[in-house]
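> Turn these sequences into a full structure, and let the hints steer you where they fit.
Protein chains in written order, with the numbering used here: chain A, 1 to 143; chain B, 1001 to 1388.
Simulated from the structure, these hints should not be mistaken for laboratory data.
Don't be surprised by glycine CBs; every beta carbon is placed ideally from N, CA and C.
One should not assume that every hint holds.
To be verified - Pair by pair, the computed Cβ-Cβ distance ranges are: (1) A:Gly42 <-> B:Arg1179: 45 to 51 angstroms; (2) A:Gln97 <-> B:Ile1123: 37 to 43 angstroms; (3) A:Gln97 <-> B:Ala1188: 49 to 55 angstroms; (4) B:Glu1271 <-> A:Pro77: 56 to 62 angstroms; (5) A:Arg50 <-> B:Asn1161: 50 to 56 angstroms; (6) B:Ala1188 <-> A:Gly42: 30 to 36 angstroms; (7) A:Asn74 <-> B:Glu1160: 53 to 59 angstroms; (8) A:Lys132 <-> B:Arg1317: 38 to 44 angstroms; (9) B:Gly1275 <-> A:Gly136: 39 to 45 angstroms; (10) A:Gly136 <-> B:Glu1285: 56 to 62 angstroms; (11) A:Gln40 <-> B:Lys1195: 31 to 37 angstroms.
What the hints assert, rightly or not - Quick list of in silico lysine-lysine cross-link-like pairs, DSS-like style, CA-CA up to 27 angstroms: (12) B:Lys1185 <-> B:Lys1164; (13) B:Lys1185 <-> A:Lys75; (14) B:Lys1049 <-> A:Lys63; (15) A:Lys68 <-> B:Lys1020; (16) B:Lys1053 <-> A:Lys63; (17) B:Lys1164 <-> A:Lys34; (18) B:Lys1182 <-> A:Lys34; (19) B:Lys1165 <-> B:Lys1199; (20) B:Lys1164 <-> B:Lys1131; (21) A:Lys34 <-> B:Lys1131; (22) A:Lys34 <-> B:Lys1053; (23) A:Lys68 <-> B:Lys1165; (24) B:Lys1243 <-> B:Lys1053; (25) A:Lys63 <-> B:Lys1020; (26) B:Lys1165 <-> A:Lys34; (27) B:Lys1020 <-> B:Lys1195; (28) B:Lys1079 <-> B:Lys1195; (29) A:Lys63 <-> B:Lys1047.
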Amino acid sequence: MIKDFIRKRSIHVCLICTGGCNGCDIEVAALLSKRYDLEQYGIYYHNNPRECDALLVTGHVAKQWQEKLIELYNKVPEPKAVLAIGACALTGGIFQQESDKTGAPVSNFIPVDAEVPGCPPRPAEIATAILKYVPGVLASYSK
Amino acid sequence: MSYVPIGPIHPGIKEPLRIKLKTEGERVVAAEVDLGYFYRGAEQIAKGKPWQKVAYLSERVCGICSHFHPVTFIEGIEKIAECEPPLRAQYLRIIVGELNRIQSHLIANAIYFLAIEHETLGIYLLNIREKIMDLTEMITGNRVHYAWNVVGGVRMDIKENQTKKILENLDIVEPAVYRYRKMFKTGAFLGLRSKDIGKMTREEAIDVRAVGPIARGSGVKFDWRQKHPTFTDYFDFKPVWRKEGDNYARIMVRFDEILESIKIIRRAINELPKGPIRKECEIPEGSIDNRYEAPRGEVTYIFTTAKNGIIKDITIRTPTIMNLEACAKHMFNDSPTIADAVAIYQSIDPCIACTERVTIVDEHGNQKDFNGINSLLRAYPRQRNKRE
Chain A
1 MIKDFIRKRS IHVCLICTGG CNGCDIEVAA LLSKRYDLEQ YGIYYHNNPR
51 ECDALLVTGH VAKQWQEKLI ELYNKVPEPK AVLAIGACAL TGGIFQQESD
101 KTGAPVSNFI PVDAEVPGCP PRPAEIATAI LKYVPGVLAS YSK
Chain B
1001 MSYVPIGPIH PGIKEPLRIK LKTEGERVVA AEVDLGYFYR GAEQIAKGKP
1051 WQKVAYLSER VCGICSHFHP VTFIEGIEKI AECEPPLRAQ YLRIIVGELN
1101 RIQSHLIANA IYFLAIEHET LGIYLLNIRE KIMDLTEMIT GNRVHYAWNV
1151 VGGVRMDIKE NQTKKILENL DIVEPAVYRY RKMFKTGAFL GLRSKDIGKM
1201 TREEAIDVRA VGPIARGSGV KFDWRQKHPT FTDYFDFKPV WRKEGDNYAR
1251 IMVRFDEILE SIKIIRRAIN ELPKGPIRKE CEIPEGSIDN RYEAPRGEVT
1301 YIFTTAKNGI IKDITIRTPT IMNLEACAKH MFNDSPTIAD AVAIYQSIDP
1351 CIACTERVTI VDEHGNQKDF NGINSLLRAY PRQRNKRE
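In structure tokens, the structure reads:
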């Protein structure tokens, strides 16, 4: 009971960049600044898949990632949520044209719970998506 | 002798890349860099497309220096068409370009400070970066990918109240940068983590063809802005450089370049000429090798156009591929601990999204080490003979 209460308010996040143009990752890094300040909302940006609650996946899935993404997903402890961020992660974006080099969308490989569209999405949108979706996953697990 | 792998997912590294460090005790002896987590075939997509689509695509080569890729490409087309954009457009490009350079240098230094666990300075720098991001959003309408440069000029003009806002924000940013530069210069522990670590001499920098702030930190006095026509005609630009060649020098070069860029923007706004911002160009057949100074160093676009501005063939060379080799070959040898290896890696301001141009597949063996052009020549000796 108390664990559910606390876990909803302390979300550990891991960013996995599987390609694209790096723009989405920079917008996630911008979330650390004082204007957005993730940690005030109880979100901790921690690039370690073994102790995170939510995976933020960006980018078209490059060839080297296609097996490793599934491995990484299995390393994340339950309960877990996956957010696909940016046009590349949702559809392959502009790189979909060279389709043998992209594995996008991310949902081909791992189950995606929430999608944040945009090229790139604004930092506030990413923070809103994490806050709206992930606490629900963590709360419903123990029931 | 043991091996320590770092990455592709690692708390100290934002982008996927694997570094294999060969260590003796705590000391790093050699390093290997393993790329290939980002390859997306941007050049293949560009072939046979009209320039409008390729300009859009060239922004997506890199998300941080997303002004410099389209500008290098578009200036190339303008050179083929012999169609110089109006002077106001050239000035506006310089204003947005220098704003882009400031935000790129700020995030590079911020990530370096986060890597050496000095979070205060890192978060301070990210804070003032948001002021610059506001300005680029105000001028071009977007934070990251502007889609603002077109052949023959720029898409949107700048208004008087906007120039006022730019000067206001720069008045906040400039003293802040001076303050953080002083903090870095005089901080005792910052100095311990940065001075005399990751050294590269001038000869080594020239040998591995290092570019940008990395080469300028090692005493190579070169900047492509010296040769850019707008800069030579209307601005008296001098490159910033330092002698030391260590982490400290590279970070200081970036701080000094931010201050230099602020001066350039102020001057450009004060002398902003009036007139149109866009003109019509007809694009004939031709080929060009165009270069420009991105925040990380030299960006090269070599391409051929067919009639009506269709791109026949394109090669993009980005700065990090040379800087990464410089880092692996000369800087890691000088790293006293493994923690410093991560700091050295961040001090070259790597952009892996730019870098991924080639994937190497060895059919016959398990040799996957990539050592620049030499390993390609070793792998394909026949093609080399043909060329000769």
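> Now, for every hint given, state plainly whether the structure supports it.
Structure-based check of each hint:
In this structure, Gly42 of chain A and Arg1179 of chain B break the distance hint of 45 to 51 angstroms, their C-beta atoms being roughly 31 angstroms apart. The hinted window of 37 to 43 angstroms between Gln97 of chain A and Ile1123 of chain B holds, with their beta carbons roughly 39 angstroms apart. Evaluation of the 49 to 55 angstroms hint for Gln97 of chain A and Ala1188 of chain B yields a pass: the beta carbon distance comes to about 53 angstroms. The given range of 56 to 62 angstroms is respected by Glu1271 of chain B and Pro77 of chain A, whose C-beta atoms sit roughly 59 angstroms from each other.
Arg50 of chain A and Asn1161 of chain B have their C-beta atoms about 51 angstroms apart, which keeps the hinted 50 to 56 angstroms range intact. Checked against the hint of 30 to 36 angstroms, the C-beta distance between Ala1188 of chain B and Gly42 of chain A comes to roughly 35 angstroms, which is consistent with it. Taken as a hint, the range 53 to 59 angstroms holds for the pair Asn74 of chain A and Glu1160 of chain B, whose Cβ atoms sit roughly 58 angstroms apart. The hinted window of 38 to 44 angstroms between Lys132 of chain A and Arg1317 of chain B holds, with their beta carbons roughly 42 angstroms apart.
Here the CB-CB span from Gly1275 of chain B to Gly136 of chain A is close to 56 angstroms, at odds with the stated 39 to 45 angstroms. Checked against the hint of 56 to 62 angstroms, the C-beta distance between Gly136 of chain A and Glu1285 of chain B comes to roughly 58 angstroms, which is consistent with it. Distance hint check for Gln40 of chain A and Lys1195 of chain B: the Cβ-Cβ separation is about 35 angstroms, which falls inside the suggested range of 31 to 37 angstroms. At most 27 angstroms may separate the alpha-carbon atoms for a hinted pair to count; Lys1185 of chain B and Lys1164 of chain B exceed this at roughly 32 angstroms.
Of the pairs offered as hints, the one joining Lys1185 of chain B and Lys75 of chain A is violated, with about 42 angstroms between alpha carbons and a cut-off of 27 angstroms exceeded. For the suggested pair Lys1049 of chain B and Lys63 of chain A, the alpha carbons sit about 24 angstroms apart, so the restraint of at most 27 angstroms is met. Straight-line distance between C-alpha atoms of Lys68 of chain A and Lys1020 of chain B comes to about 18 angstroms, which keeps the hinted pair within the 27 angstroms bound. Between Lys1053 of chain B and Lys63 of chain A, the direct Cα distance comes to roughly 25 angstroms. Compliance with the 27 angstroms bound is thereby established for this hinted pair.
Between the alpha carbons of Lys1164 of chain B and Lys34 of chain A the distance comes to roughly 25 angstroms, so the proposed pair stays at or under 27 angstroms and holds. Only pairs whose Cα atoms come within 27 angstroms are accepted, and Lys1182 of chain B paired with Lys34 of chain A is accepted, the gap being roughly 21 angstroms. Annotation: proposed proximity of Lys1165 of chain B to Lys1199 of chain B is violated, straight-line Cα distance about 41 angstroms (limit 27 angstroms). The suggested pairing of Lys1164 of chain B with Lys1131 of chain B holds, with an alpha-carbon distance near 14 angstroms, which does not exceed 27 angstroms.
Only pairs whose Cα atoms come within 27 angstroms are accepted, and Lys34 of chain A paired with Lys1131 of chain B is accepted, the gap being roughly 12 angstroms. Between Lys34 of chain A and Lys1053 of chain B the CA atoms are separated by roughly 36 angstroms; this puts the pair beyond 27 angstroms, and the hint is violated. Taking the CA atoms of Lys68 of chain A and Lys1165 of chain B, the gap is about 47 angstroms. The hint is violated against a cut of 27 angstroms. A C-alpha spacing of about 42 angstroms is found between Lys1243 of chain B and Lys1053 of chain B, which places the hinted pair above 27 angstroms, so the restraint is violated.
Distance check on the hinted pair: Lys63 of chain A and Lys1020 of chain B sit about 21 angstroms apart at the alpha-carbon level, within 27 angstroms; holds. Restraint check: the Cα-Cα separation between Lys1165 of chain B and Lys34 of chain A comes to about 21 angstroms, which is no more than 27 angstroms; the hinted pair holds. Taking the CA atoms of Lys1020 of chain B and Lys1195 of chain B, the gap is about 24 angstroms. The hint holds against a cut of 27 angstroms. Distance hint between Lys1079 of chain B and Lys1195 of chain B is unfulfilled; the C-alpha atoms sit about 43 angstroms from each other, more than 27 angstroms.
Distance check on the hinted pair: Lys63 of chain A and Lys1047 of chain B sit about 21 angstroms apart at the alpha-carbon level, within 27 angstroms; holds.
Checked against the numbered hints above, the structure violates hints 1, 9, 12, 13, 19, 22, 23, 24 and 28; every other hint is satisfied.
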